[in-house]
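Participant: What follows is the residue order along each chain.
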Amino acid sequence: MAGLELLSDQGYRVDGRRAGELRKIQARMGVFAQADGSAYIEQGNTKALAVVYGPHEMRGSRSRALPDRALVNCQYSMATFSTGERKRRPHGDRKACEMGLQLRQTFEAAILTQLYPRSQIDIYVQVLQADGGNYAACVNAATLAVLDAGIPMRDFVCACSAGFVDGTALADLSHVEEAAGGPQLALALLPASGQLALLEMDARLHEDHLQQVLEAASQAARDVHALLDRVVRQHVREAALLLGD
Amino acid sequence: MSHRLRDLGTPNPRSSPSGSQAGGGGGGRSGRRSLMTRRGAAPGGPARTDDATVVRGARRPERRRGGGFGGGGGGGGPSAAGRGVMASVALSEAEKVYIVHGVQEDLRVDGRGCEDYRCAEVETDVVSNTSGSARVKLGHTDILVGVKAEMGTPKLERPDEGYLEFFVDCSANATPEFEGRGGDDLGTEIANTLYRIFNNKGSIDLTSLCISPREHCWILYVDVLLLECGGNLFDAISIAVKAALFNTSIPKVRVLEDEEGSKDIELSDDPYDCIRLNVENVPCIITLSKIGYRHVVDATLQEEACSLASLLVSVTSKGVLTCMRKVGKGSLDPESIFEMMETGKRVGKVLHASLQTILQKEENLGPKRPKVGFLG
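These protein sequence lines are chains W and F, in that order.
Just so we're aligned, residue 40 is where the first sequence starts under the working numbering, counting upward by one.
Just so we're aligned, residue -4 is where the second sequence starts under the working numbering, counting upward by one.
No lab work stands behind these hints: they were computed from the structure.
Any given hint might turn out to be false.
[Stated by the list, open to error] Below, in silico cross-link-like pairs of lysine-lysine (DSS-like), each with a Cα-Cα straight-line distance of 30 Å or less:
#  : chain 1 : residue 1 : chain 2 : residue 2
1  : W       : K126      : F       : K324
2  : F       : K356      : F       : K366
3  : F       : K344      : F       : K356
4  : F       : K321      : F       : K340
5  : W       : K126      : F       : K150
6  : W       : K126      : F       : K366
7  : F       : K258      : W       : K126
8  : F       : K366      : F       : K247
9  : F       : K258      : W       : K63
10 : F       : K366      : F       : K344
11 : F       : K196      : F       : K150
12 : F       : K344      : F       : K324
13 : F       : K150      : F       : K258
14 : F       : K344      : F       : K321
15 : F       : K313      : F       : K344
16 : F       : K196      : F       : K247
17 : F       : K344      : W       : K126
18 : F       : K313      : F       : K340
19 : W       : K134      : W       : K63
20 : F       : K366      : W       : K63
21 : F       : K324      : F       : K258
Start from the sequences, fold in the hints, and give me the full structure.
Facilitator: As structure tokens, this is what we get:
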């Protein structure tokens, strides 16, 4: 970690946050009229859009249909201008495919897919600006979009990342902290039950520290849940007001 | 009337073989789109000023909205992606007749006249890690454009000019049809059209993008992201591209040469020391869709489904035509083409004027302007 001090002696991070502090989160549901569900989220400078279509009939080959539950289909793409260096392709590269699979795994754990046998639910996420925590922002946006589409879920899915620097666990890593190359943990939590829908850990970390990092990430995910819950309630209240008049 | 959205993509068996009223094939591509115009207030539309520019205050005063052209918002019902091979809405014969007869009377389904644009919203500087960006919402059509300036080598045939590269990403957000490689065809088609309308000396001063001839120049990557299609893609994209270019600032660099002739590039220390582009002559596309015997600008998806062919003209603020193209599977008679060109020029001038006004107004608010983005 050449030169850059990720955590000062006073306990502040590069962007002035404390170790367990999240970046500012702003979100909105129902961004687009044509999709069945849509949402937009900003976590610091990371901005993501999620759109949900479905449940609908299988598109393309019917042989992919599952007899007992709905197929969750995810695509992750990043706008070509979202990163510091321009990307050549918005999706289709290895990283995007992997992200798509992870999202699919996350949401298959949360959506009550057995209610919609032989149908398909499409979740498309698009990163508009990338500044660390892309996976987490996408999961959070997709949760809101699925809720906006009215698809039943077991629980919210709230995701957050965490890292480990100088014996301290840092929640919600920014791009600078991710690029420094320390251990990184991405986690998607179902807050009501405390179950993990996705857990992924990069780089080397001593087993003794895992508990601490896990704890930091789950706490951050619970904080995200509180925020998302507020956004959903606000949205429903506004919608109810409009319907009432 | 209810517009049922139907699977985009496959030609739609219900609408057509008979070539219906307005010659309305179902699934085919049809390119009509249009921009703003002014004219009298449409019923139910927002109050409008003469030049069609309304900065609507109430809900988000900070956000500059594009001209209040046209009546209210988009055409209604859920609809899928616009034009082209890829997507269209399915309309019944009765719905088509309704739209076509309405257009004959200069009254469209959403209350606009034939030369009225829908209300457009324009906001610039929405993605902070680009050199310039803009988001345009025209009815249900939603476009985000990011411009990134990167240093590169000038093209051999134009050693003292920089150049523009266009890329259009039809994202699956707009319609599931675009998933995977599904949007590539449409994206390439739109990008090629953009190359064509910028393929003349007047549109943008490319020599200002040159740093040192034959060695270094700025390449502007203009990346268009299609987020939702509600008809009239080309016009909305061209407005967004113009707004993003207006917003683009490129760092100033100096070339230092030492005695041995080796060159060094020095970047200014002041981040506000930038070149801005002159976008006065950047053209906008006006799409005129032929419906029945008349043509309309800024067609919604439903109207696009009733139109057989359309004419796409790119017009500068002075009313100069820089490119023209017929799109759609039907045919146009030469006489109506001249009529449509005239309309295009007239409408285009008004569009440019109101776009310039709102861009300037937004610019004057300075860096303290609260950003709305997708949160508004």
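Participant: Hint by hint, note whether the structure agrees.
Facilitator: Structure-based check of all given hints:
1. K126/W with K324/F: With a Cα-Cα distance of about 35 Å, the restraint between K126/W and K324/F is violated, given a limit of 30 Å.
2. K356/F with K366/F: 14 Å, holds
3. K344/F with K356/F: 18 Å, holds
4. K321/F with K340/F: 16 Å, holds
5. K126/W with K150/F: 21 Å, holds
6. K126/W with K366/F: Given pair K126/W, K366/F holds - Cα atoms ~25 Å apart, limit 30 Å.
7. K258/F with K126/W: 29 Å, holds
8. K366/F with K247/F: Holds. K366/F to K247/F sits at ~26 Å (cutoff 30 Å).
9. K258/F with K63/W: Violated - the C-alpha atoms of K63/W and K258/F are around 44 Å apart, more than 30 Å.
10. K366/F with K344/F: 29 Å, holds
11. K196/F with K150/F: Holds. K196/F to K150/F sits at ~15 Å (cutoff 30 Å).
12. K344/F with K324/F: Roughly 28 Å between the alpha carbons, so the hint for K344/F and K324/F holds.
13. K150/F with K258/F: 20 Å, holds
14. K344/F with K321/F: Measuring from Cα to Cα gives roughly 20 Å; hence the hint holds.
15. K313/F with K344/F: Holds: K313/F and K344/F sit about 6 Å apart, inside 30 Å.
16. K196/F with K247/F: 23 Å, holds
17. K344/F with K126/W: With Cα atoms ~35 Å apart, K344/F and K126/W exceed 30 Å; violated.
18. K313/F with K340/F: Satisfied, since the Cα-Cα distance of roughly 9 Å is no more than 30 Å.
19. K134/W with K63/W: Holds - the C-alpha atoms of K63/W and K134/W are around 26 Å apart, at most 30 Å.
20. K366/F with K63/W: 15 Å, holds
21. K324/F with K258/F: 54 Å, violated
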